[in-house]
Amino acid sequence: MSNASATSALLDLRQASALIERGETLAIAGHLDCLTALPRGNWIGGTTPYFMADEGGTCRLDRVFVQPFGPQVGEILCYDRQRLPHMLEDAPENGFSIVILPAASAVLEDYAREAPNYPDMYIKPIVGWVAGVHLDQLGSAQAQVIDGRSGHCYSDQAIVLHIPLPPEQTALVHAVNLFTPGTGPTLRFDETGFAARECLIDGVRGSLLELIRARDIDTRLPLVADYCGAMINVSIQALESEPGLVSFYAPVFAGVDYRFADAVEDYSARFLQAMPSDGGPILFGCNCILNYLYSQLQGRQTARLTGPITFGEVAYQLLNQTAVYLTLEHS
Amino acid sequence: MKDAELCHWLLEVNEPWEVSRVRVDTHSRELHAYLSSGKSWFGRYLGEQPRSRWRHLNIGAYKTYIHASLPEQNEQAAHPFLGKSTSDFTHGLARRVIQCLQNGLRYRQVCALLDIDIHLAWQIKHAIESGQLATADTDLRARLQLDDPAEQSASSIPPGDDHAWLRLLALDCPFEIRLLSLKLLLARARQDFARAHDPDMRILRINELRRFFIKHEKHLQHEIAQLNNERQHVTEGGQP
Numbered sequence: 001m002s003n004a005s006a007t008s009a010l011l012d013l014r015q016a017s018a019l020i021e022r023g024e025t026l027a028i029a030g031h032l033d034c035l036t037a038l039p040r041g042n043w044i045g046g047t048t049p050y051f052m053a054d055e056g057g058t059c060r061l062d063r064v065f066v067q068p069f070g071p072q073v074g075e076i077l078c079y080d081r082q083r084l085p086h087m088l089e090d091a092p093e094n095g096f097s098i099v100i101l102p103a104a105s106a107v108l109e110d111y112a113r114e115a116p117n118y119p120d121m122y123i124k125p126i127v128g129w130v131a132g133v134h135l136d137q138l139g140s141a142q143a144q145v146i147d148g149r150s151g152h153c154y155s156d157q158a159i160v161l162h163i164p165l166p167p168e169q170t171a172l173v174h175a176v177n178l179f180t181p182g183t184g185p186t187l188r189f190d191e192t193g194f195a196a197r198e199c200l201i202d203g204v205r206g207s208l209l210e211l212i213r214a215r216d217i218d219t220r221l222p223l224v225a226d227y228c229g230a231m232i233n234v235s236i237q238a239l240e241s242e243p244g245l246v247s248f249y250a251p252v253f254a255g256v257d258y259r260f261a262d263a264v265e266d267y268s269a270r271f272l273q274a275m276p277s278d279g280g281p282i283l284f285g286c287n288c289i290l291n292y293l294y295s296q297l298q299g300r301q302t303a304r305l306t307g308p309i310t311f312g313e314v315a316y317q318l319l320n321q322t323a324v325y326l327t328l329e330h331s
Numbered sequence: 332m333k334d335a336e337l338c339h340w341l342l343e344v345n346e347p348w349e350v351s352r353v354r355v356d357t358h359s360r361e362l363h364a365y366l367s368s369g370k371s372w373f374g375r376y377l378g379e380q381p382r383s384r385w386r387h388l389n390i391g392a393y394k395t396y397i398h399a400s401l402p403e404q405n406e407q408a409a410h411p412f413l414g415k416s417t418s419d420f421t422h423g424l425a426r427r428v429i430q431c432l433q434n435g436l437r438y439r440q441v442c443a444l445l446d447i448d449i450h451l452a453w454q455i456k457h458a459i460e461s462g463q464l465a466t467a468d469t470d471l472r473a474r475l476q477l478d479d480p481a482e483q484s485a486s487s488i489p490p491g492d493d494h495a496w497l498r499l500l501a502l503d504c505p506f507e508i509r510l511l512s513l514k515l516l517l518a519r520a521r522q523d524f525a526r527a528h529d530p531d532m533r534i535l536r537i538n539e540l541r542r543f544f545i546k547h548e549k550h551l552q553h554e555i556a557q558l559n560n561e562r563q564h565v566t567e568g569g570q571p
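Those protein sequence lines, which keep their order, are chains A and B. Per my numbering, the first sequence runs over residues 1 to 331. Per my numbering, the second sequence runs over residues 332 to 571.
None of these hints come from the bench; they were simulated from the model. Virtual Cβ for every residue (Gly too), placed ideally from N, Cα, C. One or more of the hints may lead you astray.
Unchecked claim - Some chain B residues near chain A, calculated using beta-carbon distances under 7 Å: (1) D356; (2) H358; (3) S359; (4) I508; (5) L511; (6) K514; (7) A518.
To be verified - One-sided and incomplete, this derived list gives chain A residues near chain B with beta-carbon spacing under 8 Å: (8) N94; (9) P116; (10) P119; (11) Y227; (12) C228; (13) A274; (14) M275.
Model the full structure from these sequences, guided by the hints.
Below, the structure written as structure tokens:
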């Protein structure tokens, strides 16, 4: 992959169209009206009007965020629920994959639950994000992903761009998560799922909802689990969508120990500290809508990590409240 | 003729086995054939049936890999296109290596001829030397010794049967990891390992972990050094 290709940027439709017509392979994020106005070409897309641009966090209905991967490279494939588990078998032996999944879809739920067990998971690099809608349209609009070759939009399929790399290059996946487990009780769930009523609280069965209320836990803070040093968040979506129920944006996994996170003060400044200055060029990045909202990132920068603001992030598996990026390194 | 049918003939796959799917990676010059025995996944995903992956004889200039699920292959005879759960190579590849050695080639020449990398070369050599490949040819084993032993020690990644992998998969083993992918892979492998009672399943997890180390060797020097410190500790008489 050439480092000399175009760089990721928030562009107007004329600029984005020029890249498509030049034959660039692209991942594009934007409002549905923008994406459907783009010419057909070798690109994949997903809906979100929120972006981390060079100038900082922003919401734009008239621009798209474009991530280029070089001229006429890669393979675009759509995956329904049946084919989804074979996604990484289709990925090149040396390369990487970019996946975009529509929010509130069965295909996303499948990926969130099962991806850790997919063949070749963690062996072949995969990053991506969950498409969503403007927060004012929650409940009235549907997140979409788009196959740029045909212009077809899907709310029930994942779209993936598989990109091979030459032997002298390799792609590395990174996640920046400023949350760490707090000092509260350890929570362990009986079943993998997007919602729970009860769990083991320091080994004693109890109501998660009652725990949250009794301790006055700030539900903007995620549950955090330690995966051999990788902090993996599960964000709270809602309390009592049904009586006694706590629902999550990603599944909690059975047998994994979680704790509510400590609060993060001044996310933007802490992010700048956490983001390594070394490493290869960033090919792809995204950050979570909950970080954008809760940490008030509008107009604030997150170092050299730009990209769509998303409704879930993929660094191999589905993550919440995390920034994800992919670098190109020499093997 | 479809790809799967063509591969069925090229790989000499016998019933009840069939080639469900073929993937050709032109950039890596690899061919991956996914086999089923007609009663299982048929292209569907069964999360509880992890698959083994074996290196097979090349097809043309393409390295060939066979993928088949563990429970299915265990019920079957030693078909050339399958391998043992403990191996990264098929019976067919092992037989060809032995044939070449018996025909007078040096081991290094065989590996070059069949495009076998250093990690797989060590595993096949170890299998021959330890009698796992059911060859009673002591001359052949002696001839293996002629090759430079530095070849096999050139890799710093422990072989699959090394105790270091079992230690790494123990839930309480401290291990400093820099790559996100390895953190997640090891977390999953440790969970599975703790739950798995089937020894083949445990071997599969070790093989997968080792495959990751081989693939990312250049980015894992820090982690490989820790593995080798562990081996050194055990060799010097420390508690495993």
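Which of the stated hints cannot be reconciled with the structure, identified by number in ascending sequence? When the structure is compared with the hints, numbers 13, 14 turn out to be violated.
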